[in-house]
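Colleague: So the protein sequences, as listed, match chains A and B. Take the first sequence: its letter number 149 is residue 149 in our numbering, and every next letter is one higher. The number in our numbering is simply the position in the second sequence, starting from 1, with 1000 added.
If you are wondering where the hints come from, they were derived from the structure by calculation, not from laboratory data. Honestly, I wouldn't trust all of these hints.
Claimed, not checked - DSS-like mimics (lysine-lysine), calculated; alpha carbons at most 30 Å apart, straight line: (1) A:46 with B:1110; (2) B:1110 with B:1046; (3) A:110 with A:132; (4) A:55 with B:1055; (5) A:73 with B:1132; (6) B:1132 with A:110.
Said to hold, decoys possible - Simulated DEER-style distance windows between Cβ atoms: (7) A:49 with B:1030: 22 to 28 Å; (8) B:1155 with A:150: 48 to 54 Å; (9) A:150 with B:1048: 33 to 39 Å; (10) A:49 with B:1054: 32 to 38 Å; (11) B:1062 with A:49: 48 to 54 Å; (12) A:28 with B:1077: 51 to 57 Å; (13) A:47 with B:1077: 36 to 42 Å; (14) A:31 with B:1046: 57 to 63 Å; (15) A:138 with B:1053: 33 to 39 Å.
This one's a predicted model, so the numbers in the text were calculated from it and none came from an experiment. Note that CB positions come from ideal geometry on N, CA and C, so glycine has one too.
There are 2 protein chains.
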Amino acid sequence: MQRLIVDMDGVLADIYAQYLNFEESESGVRRSLESLYSQSESQIFKNIDTYLHTKGFFGNAPVIQGSQDALSKLNDLYEVFIVSSATEFPHSFNEKYDWLTQHFPFITWKQMVFCGSKSIVQGDIMIDDHFKNLDIFRGRTLLFTQPHNYGLPEKGHTRVSSWEEILELLL
Amino acid sequence: MQRLIVDMDGVLADIYAQYLNFEESESGVRRSLESLYSQSESQIFKNIDTYLHTKGFFGNAPVIQGSQDALSKLNDLYEVFIVSSATEFPHSFNEKYDWLTQHFPFITWKQMVFCGSKSIVQGDIMIDDHFKNLDIFRGRTLLFTQPHNYGLPEKGHTRVSSWEEILELLL
Chain A
1 MQRLIVDMDG
11 VLADIYAQYL
21 NFEESESGVR
31 RSLESLYSQS
41 ESQIFKNIDT
51 YLHTKGFFGN
61 APVIQGSQDA
71 LSKLNDLYEV
81 FIVSSATEFP
91 HSFNEKYDWL
101 TQHFPFITWK
111 QMVFCGSKSI
121 VQGDIMIDDH
131 FKNLDIFRGR
141 TLLFTQPHNY
151 GLPEKGHTRV
161 SSWEEILELL
171 L
Chain B
1001 MQRLIVDMDG
1011 VLADIYAQYL
1021 NFEESESGVR
1031 RSLESLYSQS
1041 ESQIFKNIDT
1051 YLHTKGFFGN
1061 APVIQGSQDA
1071 LSKLNDLYEV
1081 FIVSSATEFP
1091 HSFNEKYDWL
1101 TQHFPFITWK
1111 QMVFCGSKSI
1121 VQGDIMIDDH
1131 FKNLDIFRGR
1141 TLLFTQPHNY
1151 GLPEKGHTRV
1161 SSWEEILELL
1171 L
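Please take these sequences and the hints and turn them into a complete structure.
Modeller: Structure (structure tokens):
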């Protein structure tokens, strides 16, 4: 059984919705996703550090469309691990654990990894929205489209823009 | 730089001291470590599940002798990761993070991994007290002596009984 490593923020959890929610509650203005294309999250959101350290930021993130059904199917065919950068934000541990348990109840504690650097994990396939994680992975790499990587060269990774596309590739 | 993967419970944190503390507070009797040799923790401690799920069990564990100085030295020579089984006990995330930050301040969040199965991590050397983790690791393996593995055949792993012995091997 091949091991499939799935990122959480930006692949399962809709982090941009949260950025925009938090920004709107500060400024009263909601920017469009299109206006954020191809720039890093820290370039775009001036107060991102505050958002990321706020209770509820991770816990209340919406689920990315199609991810629940798709991951449920893939969980039967692959050895799935959810690998999330979390140790930079210690308050996020329990929010992320509870969020996964609530929205992806078929994912057990044995399949969860909360780390700082993803250089430590090994597997056959990785789905992630960040080049820094995919570039150091020795295996097949799927780049999940998010505003920060929109339109950028894929650098050898396979771009996917929805969970339907992921299923087409991996089922 | 070689990657050194270090277990937390039973290698840095003196978990047996906590088992015995918790048992003694229940029964009034403190057993000797010698009386626990070569039997699994769950065989020995009837109420182990309660202990492990109690707040403070991980956070108040004593530090294993010599581990702070030794790991500080090794941290300059190796790419050290602390990999701890934690997702089975979600209340332990922050206790473990705080404990590491307090007792091993030179270990940054980038070097911490909280997981369920250690099959996911890759590196050159692993120090662990459990065969289940060492047996599936592709690299050099050091078996840290704890009562549960005392006297058992090493199965190809190198037994170490103190951090001084680890330094002799790895410096």
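Colleague: A separate judgement is required for each hint: does it hold in the structure or not?
Modeller: Consistency of the hints with the structure:
1. Pair hint residue 46 of chain A plus residue 1110 of chain B holds up; C-alpha atoms about 23 Å apart against a cutoff of 30 Å.
2. At roughly 36 Å between alpha-carbon atoms, residue 1110 of chain B and residue 1046 of chain B are farther apart than 30 Å, so this suggested pair is violated.
3. Simply put, residue 110 of chain A and residue 132 of chain A have alpha-carbon atoms about 25 Å apart, close enough for the 30 Å limit, and the pair holds.
4. For the suggested pair residue 55 of chain A and residue 1055 of chain B, the alpha carbons sit about 21 Å apart, so the restraint of at most 30 Å is met.
5. Of the pairs offered as hints, the one joining residue 73 of chain A and residue 1132 of chain B holds, with about 29 Å between alpha carbons and a cut-off of 30 Å not exceeded.
6. Under the criterion of a C-alpha separation no larger than 30 Å, the hint pairing residue 1132 of chain B with residue 110 of chain A is consistent with the structure, at around 14 Å.
7. Judged by the Cβ atoms, the range 22 to 28 Å given for residue 49 of chain A and residue 1030 of chain B is violated: they are separated by roughly 47 Å.
8. Taken as a hint, the range 48 to 54 Å holds for the pair residue 1155 of chain B and residue 150 of chain A, whose Cβ atoms sit roughly 51 Å apart.
9. In this structure the supplied range 33 to 39 Å is violated for residue 150 of chain A paired with residue 1048 of chain B, their Cβ-Cβ distance being about 50 Å.
10. A C-beta distance of roughly 34 Å is found between residue 49 of chain A and residue 1054 of chain B, which places it inside the suggested range of 32 to 38 Å.
11. A beta carbon spacing of about 35 Å between residue 1062 of chain B and residue 49 of chain A contradicts the range 48 to 54 Å that was offered as a hint.
12. Against the hinted window of 51 to 57 Å, the Cβ-Cβ separation of residue 28 of chain A and residue 1077 of chain B comes to about 53 Å, which satisfies the hint.
13. A C-beta distance of roughly 39 Å is found between residue 47 of chain A and residue 1077 of chain B, which places it inside the suggested range of 36 to 42 Å.
14. At roughly 58 Å, the beta carbons of residue 31 of chain A and residue 1046 of chain B sit within the given window of 57 to 63 Å.
15. Between residue 138 of chain A and residue 1053 of chain B the beta carbons are some 37 Å apart, a value that agrees with the proposed interval 33 to 39 Å.
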